[in-house]
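Going by the UniProt record's numbering, the sequence shown opens with residue 1, and the numbers climb by one from there.
It is worth saying that the hints were derived from the structure and are not from the lab. Just so you know, even glycine gets a beta-carbon here, dropped at the ideal spot from N, CA and C. Careful: at least some of the hints might be erroneous.
Computed beta-carbon distance windows for the label pairs [what the hints assert, rightly or not]:
#1 Arg539 - Arg218: 22 to 30 Å
#2 Gly374 - Ala462: 52 to 60 Å
#3 Arg368 - Asp96: 36 to 44 Å
#4 Ile146 - Gly435: 30 to 38 Å
#5 Ala609 - Ala230: 26 to 34 Å
#6 Pro376 - Gly18: 39 to 47 Å
#7 Asp96 - Arg371: 34 to 42 Å
#8 His565 - Arg368: 25 to 33 Å
#9 Gly435 - Pro537: 18 to 26 Å
#10 Ala241 - Asp437: 21 to 29 Å
#11 Arg368 - His504: 43 to 51 Å
#12 Arg62 - Glu141: 19 to 27 Å
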Amino acid sequence: MTTVRFSVLGPLTAVQDGTPVPVTVGKLRVLLATLLLRPNEVVPADLLAERLWGRRAPVNPRKVLRTYVVRLRQTLDLRDVIVTMPDGYLVRLRTDQLDLLRFRALLHEAGQAGDPLTERRLLHEALALWRGPVGAGVASETLQQIDVPPLAELHVHTLERRIELDAGLGEHASLVAELQALTTEHPFRERLWAQLMTALYRTGRQAEALETYRTVFRLLQDELGIAPNAELRRLHQAMLAQSPVVARDDLSDPPPPVPPRQLPAGVPAFVGRADELTALTAGRDAATVMGDAAATGVAAITGAAAVTGDAAVTVSVIDGMPGVGKTALAVRAAHLLAPHHPGGQLFLNLRAHSQDDPPLDPADALDRLLRALGLPGEHVPERLDDRAGLYRSLLAERRVLVVLDDAASEAQVRPLLPGGGGCHVLITSRRRLSGLDVTHALSLDPLPAADAITLFARTAGAGRVAGSPRHLLAAVVEHCGRLPLAIRVTAARLRSHPTWRLTHLLDRLGDPRQPLRAGQRSVTAALDLSYRNLDEPQRQAYRLLGLNPAADHAVGAAAALMDAHPVRTERLLEQLLDAHLIEEPAPGHYRFHHLVRAHATQAAATVNASERRAALARLLAHHARLASEGTQADGAIGFRRT
Numbered sequence: 001m002t003t004v005r006f007s008v009l010g011p012l013t014a015v016q017d018g019t020p021v022p023v024t025v026g027k028l029r030v031l032l033a034t035l036l037l038r039p040n041e042v043v044p045a046d047l048l049a050e051r052l053w054g055r056r057a058p059v060n061p062r063k064v065l066r067t068y069v070v071r072l073r074q075t076l077d078l079r080d081v082i083v084t085m086p087d088g089y090l091v092r093l094r095t096d097q098l099d100l101l102r103f104r105a106l107l108h109e110a111g112q113a114g115d116p117l118t119e120r121r122l123l124h125e126a127l128a129l130w131r132g133p134v135g136a137g138v139a140s141e142t143l144q145q146i147d148v149p150p151l152a153e154l155h156v157h158t159l160e161r162r163i164e165l166d167a168g169l170g171e172h173a174s175l176v177a178e179l180q181a182l183t184t185e186h187p188f189r190e191r192l193w194a195q196l197m198t199a200l201y202r203t204g205r206q207a208e209a210l211e212t213y214r215t216v217f218r219l220l221q222d223e224l225g226i227a228p229n230a231e232l233r234r235l236h237q238a239m240l241a242q243s244p245v246v247a248r249d250d251l252s253d254p255p256p257p258v259p260p261r262q263l264p265a266g267v268p269a270f271v272g273r274a275d276e277l278t279a280l281t282a283g284r285d286a287a288t289v290m291g292d293a294a295a296t297g298v299a300a301i302t303g304a305a306a307v308t309g310d311a312a313v314t315v316s317v318i319d320g321m322p323g324v325g326k327t328a329l330a331v332r333a334a335h336l337l338a339p340h341h342p343g344g345q346l347f348l349n350l351r352a353h354s355q356d357d358p359p360l361d362p363a364d365a366l367d368r369l370l371r372a373l374g375l376p377g378e379h380v381p382e383r384l385d386d387r388a389g390l391y392r393s394l395l396a397e398r399r400v401l402v403v404l405d406d407a408a409s410e411a412q413v414r415p416l417l418p419g420g421g422g423c424h425v426l427i428t429s430r431r432r433l434s435g436l437d438v439t440h441a442l443s444l445d446p447l448p449a450a451d452a453i454t455l456f457a458r459t460a461g462a463g464r465v466a467g468s469p470r471h472l473l474a475a476v477v478e479h480c481g482r483l484p485l486a487i488r489v490t491a492a493r494l495r496s497h498p499t500w501r502l503t504h505l506l507d508r509l510g511d512p513r514q515p516l517r518a519g520q521r522s523v524t525a526a527l528d529l530s531y532r533n534l535d536e537p538q539r540q541a542y543r544l545l546g547l548n549p550a551a552d553h554a555v556g557a558a559a560a561l562m563d564a565h566p567v568r569t570e571r572l573l574e575q576l577l578d579a580h581l582i583e584e585p586a587p588g589h590y591r592f593h594h595l596v597r598a599h600a601t602q603a604a605a606t607v608n609a610s611e612r613r614a615a616l617a618r619l620l621a622h623h624a625r626l627a628s629e630g631t632q633a634d635g636a637i638g639f640r641r642t
């Protein structure tokens, strides 16, 4: 049986049964390199076309792509290696057939080693696989700009770790020349400069070590206008003080990194959502052999992930209106998934709707994630792209669960997604993040009535509702719109007032002057934050809809209120729909959840009197026109898109 082995950690090469097979056609080299950089995962046809032609694609790129795939299979006898999938192609390889897979496997093994000698040996073996820059000689600008930098970053990061282990064993003299070359090649890697200074100092070349600091100081000042980082400055001061800490070798086994365990506690009285939990956690015990999974096309929908880091990342998004229970569901699912992600669990509040703080910038988010993964703060790169690349590199050999709570937009989330390695990402957002490529997308509705009653009873306490008529309990949760936040707030109020009965509670719920609040939790506050995050045209549309006495808003009626063209009106309505502030029970027909309606009515009170009169006059005129035409008025029974 023919065996082909490939190398991408340097010039692209293919060896068939011990004989090199030249791939000289430029486009075939680009196609092969793109597939090999994503081994054992489906590479979309559109991505392959982008790497092949950039913005100068032929008229029918998929047809030409198929031709190239056929030629590549014929050139290298790869009929069983390059697999055609519904949306692209997959190259199925064993670890021993590709140096990149071998490199990743050795890194994973080194990360699990129990002693520095074993880790050092494995890292030396891994780095020996590199023969030059990744993709050297592959003529694809997008491949060089997008695919190569993360691997180059991982290579240097691995070098730094191996040098650290070498230095811990006292091999400073042999490191000096290597570090001098590396600091020339990577002049802004301050960790390499610190390692060079240390190696010089510990071989008795103190003057050269101090001169090295002056060199990097001038370099950073002249090129970037910044001072050396804290690690370099402390090292320089220690050398000036001739601290014994700098002079000694650290022969001890460095403490193993502690995997992050950042998940918050789950909601004590979590109720329902069984179908949603099944969707979010499906495939957590799936087989790790990606070849079989990809061949059957199930990897993308089951979340199957390989320990060796060859699997695609699973991304699940939970969206819904304020208070519907997105975070509670995500945390519940995360605790179920946690045992299957030994690399750790990260939890980050992206603060799209924080009362006191602005949404978290992606660069700041990456800084927090990198530190949580054990990276010292002084080693966190300055640029967003560098942070994102290092983050993906650190996760490439780990199975980590990442929970990104309260996301503002696709742009905020995209740099925080791992590149693969069997990681799983759970995202919650009040907006529909339609621009993300996701494995699962769940839009949460309010709880079913039975689950809502159960949640209320558990939160209030069995003793407070025991023997209560079910119709009263049903009335309470309906007043709460079956929203978990409103139910918990209301139940907490009943629990904290031992003299209240359900009838008294219902009377208070029916009083608009009694907002749903318990402690710091408030439905109104949650809706205020969503309202604040709208832009002004969206806020104006929300306020004007709050003037409409009808429960439903057809596009025509909304256009009359807003004094806008129906096309612009529908665009604004769709934006409010994406923000989960209105619902769409039928095409072109919208309505508020009743708690949101109460909030919109309060917001409408800020509309000045003349604008209010004009908006209502336009609405009345619209209904009069419909009546004169003999058509049903908007907001009456039935749906009409006018």
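Now the hints, each set against the structure:
no. : hint                        : result
1   : Arg539 - Arg218: 22 to 30 Å : 52 Å, violated
2   : Gly374 - Ala462: 52 to 60 Å : 45 Å, violated
3   : Arg368 - Asp96: 36 to 44 Å  : 38 Å, holds
4   : Ile146 - Gly435: 30 to 38 Å : 18 Å, violated
5   : Ala609 - Ala230: 26 to 34 Å : 60 Å, violated
6   : Pro376 - Gly18: 39 to 47 Å  : 45 Å, holds
7   : Asp96 - Arg371: 34 to 42 Å  : 36 Å, holds
8   : His565 - Arg368: 25 to 33 Å : 44 Å, violated
9   : Gly435 - Pro537: 18 to 26 Å : 21 Å, holds
10  : Ala241 - Asp437: 21 to 29 Å : 54 Å, violated
11  : Arg368 - His504: 43 to 51 Å : 46 Å, holds
12  : Arg62 - Glu141: 19 to 27 Å  : 21 Å, holds
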